[in-house]
Structure formats: structure tokens, C-alpha cells
Amino acid sequence: MSRVVLEGITKRYPGGVEAVSDVSLVVDDGEFVTLVGPSGCGKTTTLRTIAGFEQPTDGFVGINENRVNTVPPDKRDIGMVFQDFALFPHKTVEENIAYGLKVRGYERDHIDDRVDEMLELVELPETKDRMPDQLSGGQQQRIALARAVAPEPDVLLLDEPLASLDKKLRETMQVELRRIQRKLDITTILVTHNQKEALTMSDRIVVMNDGHFEQVGSPETVYSDPETPFVADFVGTANILTGAISAIDDDIATVDCGHTTVRSGDTDNVEVGDSVSVVFRPEHLSMTDQQTATDGSGQQATTFDGTISVRRYTGDQIEYHVRTKTDETIVTVQRVAETSMNEGSSVSLRLSADNCLLLN
Amino acid sequence: MSTEKSTLSERITENGFLPQAKYLIVSYPALALGLFFVIPLIILVVVSTFQNIEGGFFEPAFTLENYVRFFGSDLFQGRMIYTLQIAGVTTILSLAIGYPLAYYIATLKSELWRRVYLSVIVSSLFLTFIIRGFAWQVLLSSESIIPTLATAVGILDEPVALVPSYLALVVGMVYVFLPFMVLTLYTSIRDVDDSLKEASRSLGARPLRTFREVTLPLTKNGIISGSMLVFVLSLGVYVLPRILGNPSDWTLAVLIGNQVGVEGNIPYGATISIVLLMVVGVILGTGWYLIGGQRRASI
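If you're matching them up, the sequences are chains F and R in order. No gaps in the numbering here: position 37 of the first sequence is 37 in our numbering, and each next residue is one more. The number in our numbering is simply the position in the second sequence, starting from 1, with 1000 added.
Honestly, the hints are just simulated from the structure, not real lab data. There's no promise every hint is true.
Stated by the list, open to error - In the DSSO-like style, the derived pairs of lysine-lysine whose C-alpha atoms are separated by at most 30 angstroms in a straight line are: (1) F:91 <-> R:1220; (2) R:1109 <-> F:91; (3) R:1220 <-> F:102; (4) F:128 <-> R:1197; (5) F:183 <-> F:75; (6) F:183 <-> R:1197; (7) R:1109 <-> R:1220; (8) F:75 <-> F:102; (9) R:1109 <-> F:75; (10) R:1022 <-> F:102; (11) F:75 <-> R:1022; (12) R:1022 <-> F:91; (13) R:1220 <-> F:128.
Only chain F is shown next, with the shape it has when bound in the complex (with noise of 0.2 angstroms):
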């Protein structure tokens, strides 16, 4: 069992900036968590509280149900990859991989099987006599991963592993690594600020900002349910609008927004006269031209008429954003298939009340 524990983790440093407050956080055995936000949001200086490279001001640290607080990174068994993989340059791929293993003070054949082993789990056994930077990109990335897991430690921690990767490559890894992950099955915990790779990645996101967790939840959750406008706004592209609550009839809202009103099934937790953020993802609404539009706003949908500002072809998709007649700008995103319209035209937006979430 590889649990990792952070109870109310507040790191403030030498002159007040305080970095991380009071954060909590359980990680499973063998669960993938990733912690995302913009930076400067406190996920690295987090990764580094569990790593043991920052002494948290406040809280409780825990690996294994051990409090690790105070006791130093090279006790703690963790596999670490960093930013610019940070392989040793003056060794060998053979002696990187090794490294862990050897501090460990276990015999060489145990050494050269595992060795091995690990170059065969990120498919690089060519590369054993390599200096590191007779490597690409990725295969650097593999190696540093590979070096990390060979000590078998408790946990796995991901420092923004694959922002300097371009964005082919950074697919190709993505896959790769929640392969490894999968099948060594190590408890993992990764940093980025980019909100794709925590979604197609994790068991669990964590989105950070300011010091604080915003959200806790799996990739689905964050994505469709966000529990506050950053969120929404952080993970994926969103439309937000805000304004007050004029009436709930028939679990269907009414929010004025200025000179705008939409409608919204989203009334567990609002009440009227709430102020509260209207969301809605682009993806979520139809356009057609105005002239085909059906009437204005119904009981069961909310629509926008405006012009197309700007058109951005996607391949598959074309997102448009359309400039509203009371100055509001919408962004929707259409299938190529079904759409295709040019800047200036006047649309018509079509956004059903259940897509249409009500955040406090």
C-alpha cells in the first residue's frame, strides 16, 4: 500500500508569500492524480512538499501512513522525473538507470537485470551505452522515467515531465506513460499547466489556484460538473456570463445578465435573487443561420443572435466566436460536417437550459 497523505499543507516562505494553504489531499494505491493549474499556483511547490525538497509550514505529510514531514528526499523512496529530465550527463544510460539502484546498495546482477528490465519497460534497450545527450527529446524523457521506477519506490512524482516536449511528441508520451504507470502499477502524482494532458491522463485532477485546490475530481466531474468559474474557465473553454437569479419555475431558472437573459436547469443550489456565474461550454450550442432560427428564448433553451467575429478552422472543427447584440462574445465550437459559415455573417447561438450550469 503506497498511499500519499496531506493534511491542511500551508507552505509560507521567508517574507509572507504564502504559497500553498492549507491544502488536503488523499492519493490511493496505484491512483494517478494530477495536479493542474496556471503558474505560480502552488502545484510545484506541493510536488516538492511530498518529495521532501520544501518542509511545509503548517500540515502533515504522509507516505505509507508515515509522517515524512521532516525527513529528507533520499529517505523517503519516491521516484522523482523533473522539467528538463535532469539526467546525469557524465554517465551512461546503463549508469542513470543504475543510480538508484546502486545507492541502494543491492549486487550487480540484481543491478543488471533491472537495468535491463527498465529499458525493455520504456523500449529503449539500444540505447544502454549512450551518454544522455546522444538522445532526442523523448527518448531522454523515457530514460529519466525509467532511471525513477527502477528502485521500485513508493510513489511516483511527475514534475511537469513533458513541457519541453513539442506537441507530437508529448501525445505519443502522454499514452506512454500512463502505459508504465498502468502496469507498474505505482502510486503517481503529476504536476502541469496543461489542462488536456491532466484529463487525458489521470484517475484524478486537482485543480490549483492562488495556493488552494479548487476542485478535486475525476477528469469527467471537473470537465462537465465545475464547482466554480475558474474551474470551468481553467479546464477546457468556456462561456461565462454573469448576472442575478429573477425566478425559478418548474426547475428551470431565469438569470438576468444585464441585457441578456438565459435560462437554466441547473437549480440545486441557487436560490432567486442569488448572484451566481452562468456557464456553458461551446460545444454545447447550435447555430444556424438567423434567418432559419425558430423564435426567441423558450422555457427549455436560451438563444443568442449576433454576428461571427472571428472564424478559426480546427481540422475537424471550426470554432467560431460570435459577437452578441447586447456586446457579449460567445464561443462555440462547430463539426466541420455541419456547419460552415463565414465572418460577418448573423447566426443564431441555440444553448438548451440542462447544458447550462449555475455556479455561486
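Based on the hints, put chain R in the right spot on chain F.
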């Protein structure tokens, strides 16, 4: 492709220069090197084969007499070995004191403090060797603070002058050359990425092991460069042995000075210089081989 008939525009290379422009550009460093290094060196070699005439004169000749004299003389060979020895001692002590100091400064978190420490170290270079040599002469004289302190602590029986002596010379030389060692090592230690040390720690290596396996090997080139620099500079010391040492502590450079200035034997002075230069050459060559050898291995 007849070059004779090619037009000017054909002869202008892509970057807009005439092809011969490169010779002009290279000629400046070549000229400076030739004028200030190669030609004087040739003159030195030639003079070293000249015949000395009593009274500070010499006449052109081609004789190896001076070299025969040098390699046949126990005195001069003894001085050669002594010079190498004191340069070696200075280098080892500078490294032993300099590495921990450079490591401490290089790993300070505060950039301000790093700069303060470096400035202090560099500022000692603002004064010439001579003034610093005399400063040590005063500090080590019988009535001054160091012998008094040494007596109080019980290292000395009574406050005696520690200068002139071998010890005083070594202290003075280490003091003078330490900044070169520290600055070279500082750069090299700063170049070792923190994440490499953290990677080592995360893999289970304690701080000392991390130093031995990661920091030390990665600063090897700095250690070699710093040591070479201090060793070569030490081989040429002239002023310090005269201020802080006994005549028995005089280095080859002092003897060269005496040959030229006191004895008036310029060809023999040139000969000793050439021998010293060759020793320096061998040391530099070895150093470059060691650094280059490592680089080749990593390619």
C-alpha cells in the same frame, strides 16, 4: 569557370564581402599574435643560443652551451624542482581552501550575498602582488598580531618573526592566487544544475554521496582549469619569494631576473626562460588533454 574573366558581382560572396575580405579579418589577430608573442618568443629562443661576453654584452653564435650549463648545474636544476614544488603546494592548498569556499558561495540562495562574497574576493586583486606581499611581511613580523596570537594560543613559545620563511612564502602565494582558483571553481559549480542534485537525492543518495557522484565529477574541468591557472601563475612568481622568502626560497623567476639584472648574462637568462616556458607548455598540454579527453568520451 575562368576566374580571370569573372565579374566583380560574381566574386562577392553571399554576405556581401569580397572573398579576400576574410584574410583581412583574420589578419588583425594574426598580426597581434605574431608581433607580440611569436616574434618575441623567436627572439628569446635565438638569444638563448648566443654567446655571453663579460660585462653585460653578448654576440650572435649558435651554441647550446647555455642549455648544457643549465642541465649540468645542480643549483639551477634544484631551483627548477623547488619552483615546481612550491607551485604544486600553492595549487593544492588553493584548491583545498578554494573549493569549499567556492561551493559555499555558489550554492548561496541569495544572489545579493553571492555578489557580495565574489566582490570581496575580486577586490583583493585590486592591489598589486607587491603591496600584498609587504602586507604579509608586516602581519608575520615578530611584533605583529599573528605571532602574538600564535604565542597566546600556544603554537609558538614566544613571538618570533615568521618572515622570511618558506611558510610565509606559501601563505603569501596562496593568498595571492586563491581568487583565481575560487572564481574558476565558482563558475564551474554554478553550472551544475540544481535538478541534477535533486535527482540524485530523490534516487536515495545522501548529500555527501550526491556531491561525490554528481557535483564533483561535473566540476572536474573547473578543478583542472583552476589548478592549471594557479600552477602556471605560481611558476612565474618573482616578487613574493624576494619579499617573503629566504634566498633558499627563491624561484626560477628570481634567478632569471638575477641573471639578466645582476649578472648581465642575457643569453643564460633567456635559456632558463625557455626551459620554464617548456615546462609550462607541458603542463598546459596535459591539462587540455585531460579536459578534452573527457569531452571526447562524452561525444
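Can the restraint linking residue 75 of chain F and residue 102 of chain F be considered satisfied, given a maximum Cα separation of 30 angstroms?
Given that 30 angstroms is the threshold and the Cα spacing comes to 15 angstroms, the pair holds.
Pairwise hint evaluation, residue 1220 of chain R against residue 91 of chain F, where the allowed Cα distance is 30 angstroms at most
Given pair residue 91 of chain F, residue 1220 of chain R holds - Cα atoms ~14 angstroms apart, limit 30 angstroms.
Is residue 1109 of chain R close enough to residue 91 of chain F, meaning Cα to Cα at most 30 angstroms?
Holds, because 27 angstroms separates the two Cα atoms, which is no more than 30 angstroms.
Does the structure keep residue 183 of chain F and residue 75 of chain F at a Cα separation of 30 angstroms or less?
holds, 25 angstroms
Could you grab the alpha-carbon distance between residue 1022 of chain R and residue 91 of chain F and see if it respects the 30 angstroms cut-off?
violated, 41 angstroms
Assess, step by step, whether the Cα of residue 128 of chain F is no farther than 30 angstroms from the Cα of residue 1197 of chain R, and give holds or violated.
Holds - the C-alpha atoms of residue 1197 of chain R and residue 128 of chain F are around 22 angstroms apart, at most 30 angstroms.
Keeping to a limit of 30 angstroms between CA atoms, is the pair of residue 1220 of chain R and residue 102 of chain F held or broken?
holds, 22 angstroms
Pair hint outcome, residue 1022 of chain R versus residue 102 of chain F [Cα-Cα no greater than 30 angstroms]
violated, 54 angstroms
Taking only the CA atoms, is the gap from residue 1220 of chain R to residue 128 of chain F under or equal to 30 angstroms?
Answer holds: residue 1220 of chain R to residue 128 of chain F is near 24 angstroms, not above 30 angstroms.
Take a quick look at whether residue 75 of chain F and residue 1022 of chain R sit within 30 angstroms of each other, Cα to Cα.
violated, 60 angstroms
Distance restraint between residue 1109 of chain R and residue 1220 of chain R, which requires alpha-carbon spacing of 30 angstroms or less
Distance ~23 angstroms between residue 1109 of chain R and residue 1220 of chain R Cα, so the pair holds.
Proposed proximity, residue 1197 of chain R with residue 183 of chain F (alpha carbon, max 30 angstroms):
holds, 29 angstroms
In this structure, the hints that do not hold are numbers 10, 11 and 12, in rising order.
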